[in-house]
Structures are given as C-alpha cells and as structure tokens.
Amino acid sequence: MTDVTQILEQIEHGDPGASERLLPLVYDELRRLAAQRLAKEAPGQTLQATALVHDAFVRLVNVDRQQLWNSRGHFFAAAAEAMRRILVDRARRKRRVKRGGDLVRQDLNEAEIAAPEIKHDLLALDKALDQLAEEDRPKYELVKLRFFAGLTIEQAAEALGISTSTADRHWAYARAWLYRRIAGSESHQGD
Amino acid sequence: MDQESIFSEALKKNTLEERARFLAQACGDNTELRIEVEALLSAHDDAGSFLKKPPEELAATFNTDESLSKDDSDDAWRELLKPSDSADCIGTLGSYEIIELVGRGGMGVVLRARDAKLNRTVAIKLLAPELAANAMAVRRFLREARAAAAVSHDHVVTIYAIDEDSRPPLIAMEYVDGISLQQKIDQCGELDVKTILRIGMQTTAGLAAAHRQGLVHRDIKPSNILLENHIERVKLSDFGLARAVDDIGVTRTGQITGTPQYMSPEQAQAQRIDHRTDLFSLGCVLYAMCTGRAAFRADSAVAVMHRIVHEPAPPIRETNDDIPDWMCEIVDKLLEKNPDDRFQSAEEVEALLAGHLAHLQQPESVQQPERLKPSRSDRGTRLSRELSESLSAPISPQRRATNMLTTIGGLDVVVCLALFFGIAPGFRGREIPNVLAVSTVFGGLIGTVLLLSILINRRRSVNGALPRLIGILGGVLALLPCGPVHILAIPVSIWIIHVFWHRSEAGHSPDSASAQPAVLPTRSAAKWPAVYLALIAVGLLSPALEGDSGFITRNWLNLTGRGRITLNVRDAGVRVTLNGAEEAVTGSGTVNVAVVPGAYVIRSNNRGGLLTTNLHEIARGLRVIQRIDDIATGVAIIGPVSTEKLDQTARAELLREYSQPDAPPGVSPGAE
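These protein sequence lines map, in sequence, to chains Z and U.
Taking this note's numbering, the leading residue of the first sequence gets 1, the next gets one more, and so forth.
Taking this note's numbering, the leading residue of the second sequence gets 1001, the next gets one more, and so forth.
Take these hints with a grain of salt, some might be off.
Stated by the list, open to error - Quick list of in silico lysine to aspartate or glutamate cross-link-like pairs, DMTMM-like style, CA-CA up to 20 Å:
1) 1052(U) - 81(Z)
2) 1013(U) - 81(Z)
3) 1117(U) - 1192(U)
4) 1052(U) - 3(Z)
5) 1082(U) - 1115(U)
Claimed, not checked - Over 10 Å on every C-beta distance to chain U, these chain Z residues come out as not near it, computed from the model:
6) 5
7) 14
8) 81
9) 130
10) 155
11) 172
Stated by the list, open to error - Simulated restraints, written as ranges between beta carbons of each label pair:
12) 1017(U) - 58(Z): 30 to 36 Å
13) 1024(U) - 3(Z): 54 to 60 Å
14) 1146(U) - 13(Z): 42 to 48 Å
FYI, nobody ran anything at the bench for these hints, they're computed from the structure.
Small disclaimer: the values here were computed from a predicted structure and weren't measured.
Glycine included, every Cβ here is placed at the ideal spot set by N, Cα and C.
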C-alpha cells in the first residue's frame, strides 16, 4: 500500500491532518511523471497535464479498495493544486528567462516555448484564481478540479459533493467571472 | 435574487430580448447589479474555449528541468561536452573524457571521466549553472577548493586539479568507486558497533587532517562520506564546498540547499562556526549509523533546524538497544548544543573511537578506554561528584531545577516537622487548631514523598519518568483521605502529568519508534518545581479550606489525642462540663471544646434526664469512647484513646467527685 493510499484511508477515517500530507507526495509524483514522460517524448511534444494527473492517480492509489471512493476527491483536489503550482512555476520561470533574469539557465528548448499570450494567461489566471478562492471557495475548487485535474462536470460534482446541475451553474458563473477578471487585467499587462 | 442566480437564470433565456427583459425585471432599479450581471454575461459569451481546454498548451513549455525530477533527466551539462572519438565516452570536457554521470548534488553534477593526459580515472565535479553565473561565488568556491586540495590524507578525497577557466568551473578529484554512507544506511539500516567504530574512526581521522589545515568541512553528512568498494575505506568528500552555496543562497524550487538534518545549532542560527561544528555533524552521522535514521527529523527544513537548536535527539537506545552505553555517551557529547560542551578536537574523538575498536577486537589484551567523565549537563552522575561539580562549574538549567526541587521538598519537610513538634509544645495547655495540625502533617508528608522521588530520580538517571510519576502519585495519594477538596487534586495532578507528558512527547516526533513515552527530556525539569509546589500548597491549604469538617480533621483526635472538636448536643438542657471547665450552655447547639491528652469528664446538669442518646451523641462526637459510666447520674467519663489510662481508683474518685451537684470547677483529673 503506497503512502498515498494510506493517507487517503486516514482521510476516510476523519484524520484532520492527513490531507496536508497528501499534497507534497502528489506534487513529487507529478513532477516525476512529467519529467519521465518528457524525457521520452521528442522535443516539441506537448504533455497533457490532466493525463498526468490521472496517471498519478492510477499509480498512487489502489483503486481496488472500494472504501477510497470518497477520498478520491481529496486526491484530485491535491493533484489539481499540485498541477497548478507546477504549471505556474514553470510559467514564471520562463517569463524571467525571457526577461534575461539573473538565473541564467542552460535552457535548451527555447524554441518550444509557447507564445507569450498563453503564459500571461496562465499567470493572470493564477492571480484570478486566487481572487476567486477568496471570494467563493467552492467555485474555486470546482474550477481547479476541472481545469487542472481534468475531471468532468459529473466527476467534479461527485468529488465536491454537489449535484451536477449545481456544478453546471457554478461552472458557468465561475468561468464568466474569471474571464472577466483576466480580460480586464490584460489591458494592464506590460512586459 | 442574488447576482449569481440572476446570472444563471438569464443564461437560460433563449433570445437576447428575453434576457434583457428578464434582467430589467430581476434587477429593477439596481443599476449596479444589472451592470455586473451584464458584464458577467458578456464575459460568458466571449469566453469561448476559455478553461474548457485543459492546460496542455502550457505543457509545451515543459522542458527537462532538474527541478522537476531527481532522476537523470537533467541533461544541461551534456550540452557542454564536445564530441569524442572514443567509443565508451559520451563526450569530452577539456582534456577529460567523460564516461558517465555518477551523481548529482546540491552543487552540480559529478561525472566519471578519464584524464587523457595521465590516463587515470577521475571524478569531475561541475559547478551548477546558477552558481557558476555568480562570479563572487566562483571565486570563493575556487579558493576553498584550493585549500581543500592541500589536505592530503588517506581518508579525504584528493583533489587533483581545479580548472577555473572552463565554464562552468570544474574540479577534478579522486574517483571513489563505491557507495556513500547514506546509501549504505539506506540499504542496511542500523550498522553494527564494529562497523560504526571503523567508519567513525576513519571519518574522524579525515576530519582531523582537515582541521589541522585550518579547514572546516561544514557539510559533514552520510552522503559526503564515501566508502570505497570491498574495503569500505572512508573517503570524505566535498570539503569546504558547502560555503560557496551558503554565500549565494540560491535554492532550487521548493528546496533548501542540501539537507539541514546534519547541521549544527550554530550553523542553523547563522552564528560563528569553528571546527567543532564538524564534530556535531559527526555526532549526527554516528547517530545515523546507530539508528538507521537522522537524529533530527521533522516535516519541513525549518522544523528540523528548530529541533537541532532546541531539542535533544531521541535517545539511541530507543531505536537500537544493542548500542552500548559508552557509544551513546560519545554521541551525546558530540551532540551537545553548546560547542564548549562537546569534544574539543577531532583527534580526541579519533583516539577514543580507536581505543574502543581495539578493545572490541582484542578484549583480553586491550583495555577499554575510560568512560567519559560526566559532562556538566548532569547526566548519570553520582551525588558527590555533583556536589563538587556544582561548586566549580556553571550550573546548567537541569541541575538548577533539580536543586530547586530538592530544596522545596526539604524545606517543606523541615518546616512542617518544626511546626508540629516545635511549636506544638508551645500550644500545650492551649489547643492547636486541628486544621493547622493537619496541614503541617500533610504538607510534610507530601514533601517527604517528593524528596524521596527526587533522590530516586538522581540515581536512575536514564529513565526519569517513573520516579517523577511516583512523586506525583505519592503526593496525590497522601492527599486522598482528606476529603473532597483533596480529591480534586487528583484530576488536577493527572492533567498536569498529561500536559508535561504531552509536551515531552511533542519533543519526540511521531517518528519515534517506541510505542510508549520513555523519557521526559530533562529540560522539562524546570517545570516540575511548579508542580511540586502546587501539591505542597494543596496539602497545606486544603485543610484550611475544608475546615473542621474535613475527614482527617475530624479524626485527628483519634490519631493524636489532641485537637479541637465540635460536639452537637441535641437535647436542650444538657450542660457539658469538660474537666471541670464548663463549656456548654443550655439549649441545643454545638459545643466546641479543646481536647488534650488526659481523661475528661462530661457532666450534664440534667442529671436524671441525661438521655443515653445524648451521651452517646456527645461521645460519638468525640469518637473516643472508653467507657460510659453511670449514665443515670448524668456523669460520663470519656477519655481519648491516647490517654494515660485511668486506673480504677482514679476513676472511682472522679465519679464520686462529679456526681455531686455543682462539682467544683477547676479540678482536672488525669494527667496533662
């Protein structure tokens, strides 16, 4: 039984501290998987973040144990959080390099860096997500699960313990809310 | 409706007109609300595929990045290599033919290479790019490397060359074919004593050589201790290189450079460092060899450093009780927080370890080295040595606490004894308030119990928990018979025990192997005086709180033959005379009388009508019935248990005297 499975069981049993222990493990696993995948892929290939999350889930969680059903939500929440951090870190670092920051790195695959707008989007999205998390935590969780962990509406609803129709409504609202924030701030973005 | 519901509802409308109409109706006069909702709606319409596509585009910017994984995916250095003609190389770097990557550290990568000029295998250390970019760091790094190159010793990795002109700078050094001590511990767990001694001795020898050159390693840890294959000869590596990293403060994402688990307290607090820092780290390494894991572990680097500075390591015996005492002593001394308390030189340690190893290998011919003199921190000492040490050496907090406890306990006993026997005689002829009597006795009793527990604790230095527990429980038990107020002391004491236990448990993190708490750390000894004081105060004060109705207080008479009592006289008209002194009056009520050893007499003025019950009542109040005589005459002689027994004659005389009406007062039969 992996550590993650153990922690999930602890969450099932109501251990309050268990969720916090989950994130670093998931984070490490995701990074590892990403690096492994990328090492094998040809340069320029894209990597599905959500596929990574599902891979990590399969690897880390013993899906045969039925009692873990409820705690999958925790896993995906942690994985989504980890994925978000990884992606945002990457975007930030890339931006620094582009600006010629003092962390000169032997960055070999400059050609693969995607267009700046997308990077800005992610950082702006990250900021907007923080704001959303403060204003409306449940919607933030939903967005996180859907966008970073790639869950469907139904899966996300189940993980969060809400009805699918509620999830639908929340999703529509949150999207509009976020888009508005980002579109609004884009006009202020210099570089 | 609130903003969100209006939004959701509006979305359901099929045409823009319907939407507009709904909005007008739902928002009414609230133009702000309407503007908000409309902005959201238009955002919704414009959003397109926003958030609908997973963030895969961004993943295109993923590259192989050493911060992503600890595996072999950092190929940045490969780009530096020029192609090579040889079949077995992956490239060349200057005059070195690079064969393979052997390791990755906080500083950069380590490669196995062949020195083409000299045709020997070397290890090449490439400085990591972030460090190489900082010119000052590079300079310092090179200076340290040169100094380290000056150390030539069997147990130190030899540095062959330093190429500062290459980018990044590289160091060519002795290639050690083997694993690191960390890997060995990971594979084998705890090591046996001989191996620990051997590896420890060799490591210390290498350290001593460096210290002689004036170098401080600063980064002694198992991964820097290499073990040559087959012979397991120790080679210390990465000498003096830790400093370069500190200066820059560059960290990888989310990591502190290196592990702080082997840092010394002065390093963790960024204080001045000298060679004794290495000795602390050496102690951590020995500990790791003894137990299979680091001495200071916690969930985060900061927490680890906090434990290094503030908390003692869990005793080795908890994890591995095969480790002999003398080894634990050595490790403990190395792990002293204050550098002045540690061994002062690596040579000292080396000699000690060598001596023990020699003794182990030839027990008959070689004597075991002397056990360590007790350090100033009061572990495992004898009383006399303590005394002389306490006179000469500065007092550590633990010793101070123990002294305090002893003083409190002793004072308490002395005072209570003095009160009881010394002042008590002064009460002769008058009465000692029962309460005071009880207080002194119980205060004294508790003090005695606690003193005893301290003395026991001093002898059994290793496991101080049990004696302390005895002390607490003893104190509580001493209070038990005393009644409700004292009973309250029990849950309070249990709570106190729990709090201190819990605190000491927190000091030993959840990774402690033992299932039960073994040793309360001695630093919590400072809290015990407060506990003991509290118990003594309870013993002294609670009789006062309970007053005369306390159980013991009431029964004091039986125990000691002295005190004051309260009689309840139920019937009207009963007059109580005690030893000729008339105390009671007509009417029912209570009579408060003083009792001193000696017989006494109760007389009722209602001679004929003194009911037996009354006398019994009175007697019961005294609980000291010896005899009840002549109830009909209304006279009873009752004496406390401890009285000198009256003989028949005296008794008869008393009876005769008091049978007369209005017996003269002032006659006090029986001795005082």
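For each hint, the structure was consulted:
1. This hinted pair checks out: residue 1052(U) and residue 81(Z) have alpha carbons roughly 18 Å apart, not beyond 20 Å.
2. Only pairs whose Cα atoms come within 20 Å are accepted, and residue 1013(U) paired with residue 81(Z) is rejected, the gap being roughly 35 Å.
3. Proximity of residue 1117(U) to residue 1192(U) is assessed by CA-CA distance (about 43 Å); at most 20 Å being required, the pair is judged violated.
4. Under the criterion of a C-alpha separation no larger than 20 Å, the hint pairing residue 1052(U) with residue 3(Z) is inconsistent with the structure, at around 32 Å.
5. For the hint linking residue 1082(U) to residue 1115(U), the alpha-carbon distance of about 15 Å falls within 20 Å, and the restraint holds.
6. Look at residue 5(Z): its CB is around 19 Å from the nearest CB on chain U, clear of 10 Å, so calling it non-interface holds up.
7. Every C-beta of chain U lies more than 10 Å from that of residue 14(Z), the closest at about 18 Å, which supports listing it as non-interface.
8. Listed as outside the interface, residue 81(Z) is consistent with that label: its C-beta sits roughly 14 Å from the nearest C-beta of chain U, beyond the 10 Å cut-off.
9. At roughly 15 Å from the closest C-beta of chain U, the C-beta of residue 130(Z) stays outside 10 Å, upholding its exclusion from the interface.
10. The claim that residue 155(Z) is not at the interface with chain U holds, since no C-beta of that chain comes within 10 Å of its own (minimum 14 Å).
11. Residue-level check failed: residue 172(Z) sits 6 Å from the nearest beta carbon of chain U, not beyond 10 Å.
12. Roughly 50 Å separates the CB atoms of residue 1017(U) and residue 58(Z), a value that falls outside the hinted 30 to 36 Å.
13. Range check, residue 1024(U) to residue 3(Z): about 57 Å between beta-carbon atoms, so the 54 to 60 Å window is met.
14. At about 58 Å, the CB distance of residue 1146(U) to residue 13(Z) disagrees with the hint of 42 to 48 Å.
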